[in-house]
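Each protein sequence line maps, in turn, to chains A and B.
Quick note: the first sequence uses our numbering, first residue 1, plus one each step.
Quick note: the second sequence uses our numbering, first residue 1, plus one each step.
Calculated lysine-lysine pairs in the BS3-like style (CA-CA distance at most 27 Å, straight line):
(1) A:67 to A:269
(2) A:78 to A:67
(3) B:99 to A:346
(4) A:18 to B:114
(5) A:256 to A:330
(6) B:103 to B:8
(7) B:86 to A:346
(8) B:43 to A:347
(9) A:33 to B:86
(10) A:33 to B:122
(11) A:33 to B:119
(12) A:18 to B:122
(13) B:43 to A:346
(14) A:4 to A:121
(15) A:296 to A:330
(16) B:99 to B:43
(17) B:119 to A:18
(18) B:86 to A:40
(19) A:286 to B:86
(20) A:165 to A:81
(21) B:49 to A:346
(22) A:334 to A:298
(23) B:26 to A:40
(24) B:8 to A:18
(25) B:26 to A:18
(26) A:296 to A:334
(27) B:122 to A:10
(28) A:18 to B:86
(29) B:26 to A:33
(30) A:121 to A:105
Just so you know, these hints were derived from the structure itself, not from any lab.
Please read these numbers as outputs of a predicted model, since none were measured by experiment.
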Amino acid sequence: MEIKKTSLNKLHQSNNAKFVEFAGYEMPIQYSKGIIEEHKFTRSHSGIFDVSHMGQLFIYGDQSLTKELEEIFPLDLKNLKQNCSKYSFLMNEDAGIYDDLIITKIEEGYLIILNAACKDKDFEILSNLLGSKFKMNLDNNRSLIAIQGPKSVEILNSIINGVDKLNFMTGNWFDSDNQKLFVTRSGYTGEDGFEISISNDKAEKFVENLIEKGAQLIGLGARDTLRLEAGLCLYGHELDINKTPVEANLRWAISKSRLSNGGFIGSKKIMNQMQDGASQIRVGIKPEGRLIAREKTKIFDDTDTQIGEITSGTFGPSVNGPIAMGYVDKKFSKVDTKILLEVRGKKHPANICALPFYKKNYVKGVN
Amino acid sequence: MSEVKFSKEHEWITLEGDVATVGITKHATEMLGDIVFAELPEKGSNVEKDGTAGVVESTKAASDVYTPVSGEVVDTNQAIVDDPSKINEDPEGSAWFFKLKMKDQSEMDSLMNKEEYDKFAKESAS
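Hey, can you work out the whole structure from these sequences and the hints?
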């Protein structure tokens with residue numbers, strides 16, 4: 001299969017991107033300054049991320065669509081206000097996660113942002129569940145640009161006036177340069193920021209404009225270190241079809257009002273696990289010293305019994321040390337529990353620690 | 001000091017008397033990206049030509065460091081363990097990895113000179 005390119009591919013090239021294949025797309029892993037510089041620039045200033053490989057699924061409909069989506073997602077969509085976003089999951093009957101996603105209620109229906117590697121399968125699953133009652137469009141004509149970091153609001157507002165009035169996890173349509181952009185205040189870095197849905201033919205000029213105002217392109221490498229410091233899950237690592245939202249320690253994302261009556265796919269398993277607890281749970285892990293424990297590193301207790309596995313591990317540039325996330329048996333999941341990580345045949349001490357590793361600065365109550 | 005020689009695993013080596021100094025090349029650091037962890041062989045241990053003699057990790061991945069010649073490890077560079085970013089800053093100078101007391105100096109003969117290595121690195125990168 002031919003590798004796909006986003007509409008910013010040429011711009012990445014002219015900014016000396018190093019490319020990798022990610023979910024069938026040629027994506028920039030880093031630019032000339034490198035992952036650590038890019039990471040720190042995002043935390044202190046403003047980073048631009050091309051996330052056009054992600055799926056933008058528009059589903060058009062009214063209350064009847066809301067009712068049907070409530071049978072799929074563990075959310076109180078009836079009471080979700082227009083232009084408000086929620087983090088959620090597409091699950092199977094066993095509450096195994098097909099994908100994690102952000103769903104926003106818009107005037108015409110819903111906009112769902114899906115992971116690149118999952119989007120086609122998600123579309124198939126949702127098409128089968130919803131039948132042909134509602135118009136669905138996995139829109140390939142739009143790019144998705146994220147801008148993240150403390151200076152992002154000022155920079156973006158100078159191009160799209162009014163985005164500074166958005167609260168975190170809300171969005172709206174804006175007019176800019178004779179076209180309609182959908183902007184949400186959200187992100188995947190632990191910083192304040194925005195995601196902008198923009199037609200492909202306007203994306204390059206828009207990003208050049210952001211760069212002119214002082215923002216810089218950031219690759220997937222720093223996106224990974226930023227999200228890991230923020231304690232956020234990455235599908236295919238922390239989340240997959242064999243993990244449930246309760247095991248992933250994401251029960252906060254399940255609407256309380258939906259837990260009493262269930263009625264969504266996977267609700268039985270979720271309600272059971274909420275009551276009895278899950279045997280394994282996602283935790284934050286800090287290795288002692290500078291050792292990095294990568295994905296698949298085995299976790300042991302002090303009696304040499306394996307108690308879990310790392311799902312993501314790297315060096316956290318803002319934490320200035322190694323960080324990881326993984327799953328452990330529930331009795332070892334308390335903060336400050338001592339564990340051992342097997343790296344290159346030797347066991348190294350580490351500690352369970354609270355997430356996030358890096359404190360967030362989300363904006364609430366702007367209006 | 002002898003001419004700097006290079007291995008296909010992107011290590012450089014110089015010889016002074018019977019003691020060789022080994023590090024990783026600038027080209028290797030550019031391929032790896034920001035280095036955030038370094039592990040070195042133990043002083044007093046013996047390492048075999050082309051065997052592993054350390055690890056470097058970048059933000060992206062872990063890579064083994066090989067030794068281009070055999071010998072006894074007589075010194076290691078603790079400064080790069082304490083601050084691995086030094087490896088990116090001065091890979092072919094102050095950020096050497098370890099020193100070996102060589103047994104068989106003819107092992108140097110099969111290694112590449114600067115010109116040969118530059119050509120090799122250019123070809124292997126493309």
